[in-house]
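Heads up: the protein sequence lines correspond to chains A and B, in order. Here the working numbering = 1-based position in the first sequence + 19. Here the working numbering = 1-based position in the second sequence + 3.
Hint data in this document are derived by calculation from the structure and do not stem from the laboratory. Treat the hints with caution; some may be incorrect.
To be verified - Here are some of the chain B residues that sit facing chain A, going by a computed Cβ distance under 8 Å:
no. : residue
1   : PRO237
2   : ASP250
3   : ARG251
4   : VAL255
Unchecked claim - Calculated Cβ distances over 12 Å to all of chain A for the following chain B residues:
no. : residue
5   : ILE150
6   : LYS219
7   : PRO257
Cβ coordinates follow ideal geometry from the N, Cα and C atoms, glycine included.
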Amino acid sequence: MTQCPFDLTAGLPESPRRRRLLAGAGLLGGALVADLANAAAPAAKHVTDAPAAKGGIDDRYPFHGLRQQGITTPRPAAGMVAAFDVLASDRAGLERLFRVLTERIAFLTTGGPVPQTDPDYPPPDSGILGPVVTPDGLTVTVSVGASLFDDRFGLAAHKPVHLTPMTGFPNDALVERLCHGDLLLQFCAHTPDTNIHALRDIVKNTPDLLVLRWKQEGTVPVIAASASKRPESARNLLGFRDGSANPDSSDAVLMERIVWVGQENSEPAWATHGSYQAVRLIRNFVERWDRTPLQEQESIIGRHKPTGAPLDGKTEFDVPDYAADPEGKKTPLDAHIRLANDRTPEAQKHLILRRPFNYSNGVAPNGQLEMGLLFIAYQANLQEGFIAVQEKLNGEPLEEYIKPIGGGYFFVLPGVPVKDDFLGRTLLNA
Amino acid sequence: MKKHIVSLAIAAMVGGMTTAYAAVAPLDLVKPVADYKIYVSTEVTDLVAQTRAFTDAVKAGDLAKAKQLYAPTRAHYEAVEPIAELFSDLDNAIDSRADDHEKRENDPTFGGFHRIEYGLFAQNSTAGLVPVADKLMHDVLDLQKRIATLVFPPSKVVGGAAALMEEVAATKISGEEDRYSHTDLWDFQANVDGAQKIVQLFEPLIRKQDPKFADKIAANFATVDRILAKYKTPTGYETYDKLSASDRKALVGPVQTLAEDLSRLRGMLGLK
Chain A
20 MTQCPFDLTA GLPESPRRRR LLAGAGLLGG ALVADLANAA APAAKHVTDA
70 PAAKGGIDDR YPFHGLRQQG ITTPRPAAGM VAAFDVLASD RAGLERLFRV
120 LTERIAFLTT GGPVPQTDPD YPPPDSGILG PVVTPDGLTV TVSVGASLFD
170 DRFGLAAHKP VHLTPMTGFP NDALVERLCH GDLLLQFCAH TPDTNIHALR
220 DIVKNTPDLL VLRWKQEGTV PVIAASASKR PESARNLLGF RDGSANPDSS
270 DAVLMERIVW VGQENSEPAW ATHGSYQAVR LIRNFVERWD RTPLQEQESI
320 IGRHKPTGAP LDGKTEFDVP DYAADPEGKK TPLDAHIRLA NDRTPEAQKH
370 LILRRPFNYS NGVAPNGQLE MGLLFIAYQA NLQEGFIAVQ EKLNGEPLEE
420 YIKPIGGGYF FVLPGVPVKD DFLGRTLLNA
Chain B
4 MKKHIVSLAI AAMVGGMTTA YAAVAPLDLV KPVADYKIYV STEVTDLVAQ
54 TRAFTDAVKA GDLAKAKQLY APTRAHYEAV EPIAELFSDL DNAIDSRADD
104 HEKRENDPTF GGFHRIEYGL FAQNSTAGLV PVADKLMHDV LDLQKRIATL
154 VFPPSKVVGG AAALMEEVAA TKISGEEDRY SHTDLWDFQA NVDGAQKIVQ
204 LFEPLIRKQD PKFADKIAAN FATVDRILAK YKTPTGYETY DKLSASDRKA
254 LVGPVQTLAE DLSRLRGMLG LK
């Protein structure tokens with residue numbers, strides 16, 4: 020019999036366990052004892068009980084559709100990106116990879132029982148979600164990097180127009196082993212365990228097709244639900260609300276223009292309903308940030324920290340009036356949000372949909388916290404989107420506190436509209 | 004986009020993960036296990052002889068000769084690692100790496116091949132290695148004695164093929180095994196040879212159960228051998244840093260797949 024060495028009551032029948040509880044409670048004496056015993060009887064809590072899901076464990080987003088999930092889908096609390104090198108050496112291998120990914124993602128995002136197999140063999144599932152996989156709001160979004168369009172698969176002629184390897188911006192200190200990849204998977208779910216389960220499932224099913232290159236997990240802080248008003252944007256590790264100026268992801272027409280590749284983008288036909296994805300691992304120097312006066316933090320970002328309101332506004336979603344502040348008396352001209360989006364008609368061209376997570380990775384060699392932003396942004400035109408916005412941000416005062424160290428540019432494949440179809444089919448048939 | 008909560012009857016499942024195979028008669032396992040024991044015993048005999056020459060060179064202060072004998076000697080250990088590992092005290096003494104010790108290279112408990120490797124290749128000296136060499140010789144002889152009386156459990160033998168490929172996937176692909184001498188490709192090939200030996204001995208049984216599976220394994224071994232052969236030199240193998248990025252990547256797929264496929268071998272042959 021295996022017994023957890025830390026659970027002293029493991030293996031004991033229920034009644035002695037309860038007797039211990041009663042004996043302990045007896046110290047308090049009197050009627051309280053009976054109350055405690057009654058309260059404890061039906062649902063005694065033990066330290067190693069699995070925490071109860073706060074709802075959403077059966078949430079499912081339909082896998083089939085013109086566009087992939089995980090982009091305009093509401094961002095859940097837990098995210099992860101995993102970048103891979105593709106090991107397949109020819110077109111047939113690449114198609115097999117896309118078919119396996121399609122099949123696994125369709126299952127993982129739907130959930131269901133894992134197959135029961137002969138115990139003499141390794142089990143097909145890691146088991147970390149138990150014998151029935153719960154979808155938990157999981158989305159898995161598949162994108163490809165510029166390197167997939169090299170000479171291995173004969174796809175060079177079909178590369179999306181703006182897809183290039185990410186090159187460093189002036190403030191970047193890119194680490195090669197944290198950059199690029201032939202393929203990137205973005206996992207999003209209510210809990211990190213669901214993402215880990217999905218990643219391990221895909222790794223197990225693709226031993227001859229994929230090898231991991233780098234991965235980064237992240238979370239966003241949850242807030243109390245409010246039925247009446249628009250929820251606030253989640254805060255990043257600088258303590259500021261992040262994404263306040265995001266375009267409205269529930270506006271399908273707007274998303275069609277800003278996020279999804281369509282006819283007007285002069286992209287290869289296969290790329291329609293795809294999207295450019297910019298991923299950046301942006302280290303935050305949080306100790307230094309936390310030692311910066313609040314008014315300076317707010318000037319650097321361009322927002323009030325407690326409310327997220329612009330410096331000339333009252334609430335988070337107020338639109339700053341920079342025309343009324345040409346000298347930057349209220350919002351400095353080099354404030355982060357003013358540089359990123361100066362609210363002129365011209366800025367409309369550069370809108371992107373940001374969907375970031377916060378990451379925390381232990382301790383840097385200097386004893387400071389290794390944490391920051393897992394920045395993820397989607398756009399129909401990478402050059403006009405992320406790259407143009409980042410170029411406006413080059414040299415901003417915030418650079419003292421941040422250091423991009425990894426990531427890459429990817430192109431999200433169009434969705435799988437019907438069963439029997441597979442991810443990447445339009446690319447392979449192009 | 005609004006959140007869709009779809010209620011679906013669950014259907015998607017992985018299909019065809021387990022094929023029912025005919026039971027393997029226990030008697031059919033006797034010969035391959037016996038043959039494997041002969042293989043191990045031959046390898047260990049070579050290990051003893053070469054460790055003698057290697058440790059003699061170390062003790063004589065013959066740096067060049069000791070360096071030359073380091074990789075070929077330990078290859079015999081790497082080839083039979085699944086059996087050698089059954090004796091964890093000896094495995095730790097003979098083959099542990101600096102990472103396994105709290106004070107790394109300076110830890111007094113760090114001994115065996117890699118401690119000598121550290122002296123020869125990182126410090127370019129045999130100074131202070133005499134007691135380490137004596138201890139290694141002693142441990143290798145002890146290993147030989149223990150293996151001679153060992154009853155080889157068939158599941159350990161068959162499982163050894165997968166264990167060797169796990170070794171390759173975990174420490175040989177990354178070039179972290181022989182970090183001072185960079186002779187990793189020797190160990191890489193020795194692990195692969197050891198795994199391939201086991202598969203060869205059981206091949207008729209595997210083929211009877213699933214000829215396609217047998218072919219797939221053979222093809223992946225052939226790919227690994229073909230890539231490693233590019234790095235053969237008249238006296239052994241190139242150093243790990245010579246392995247090109249594309250060849251390293253080309254090795255990953257077959258290695259991962261062999262580890263995955265060989266993990267099914269015990270089940271296929273009906274071994275618990």
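Now the hints, each set against the structure:
no.: 1; hint: PRO237; result: 30 Å, violated
no.: 2; hint: ASP250; result: 12 Å, violated
no.: 3; hint: ARG251; result: 10 Å, violated
no.: 4; hint: VAL255; result: 5 Å, holds
no.: 5; hint: ILE150; result: 27 Å, holds
no.: 6; hint: LYS219; result: 9 Å, violated
no.: 7; hint: PRO257; result: 7 Å, violated
Of the numbered hints stated above, those contradicted by the structure are hints 1, 2, 3, 6, 7, listed in ascending order.
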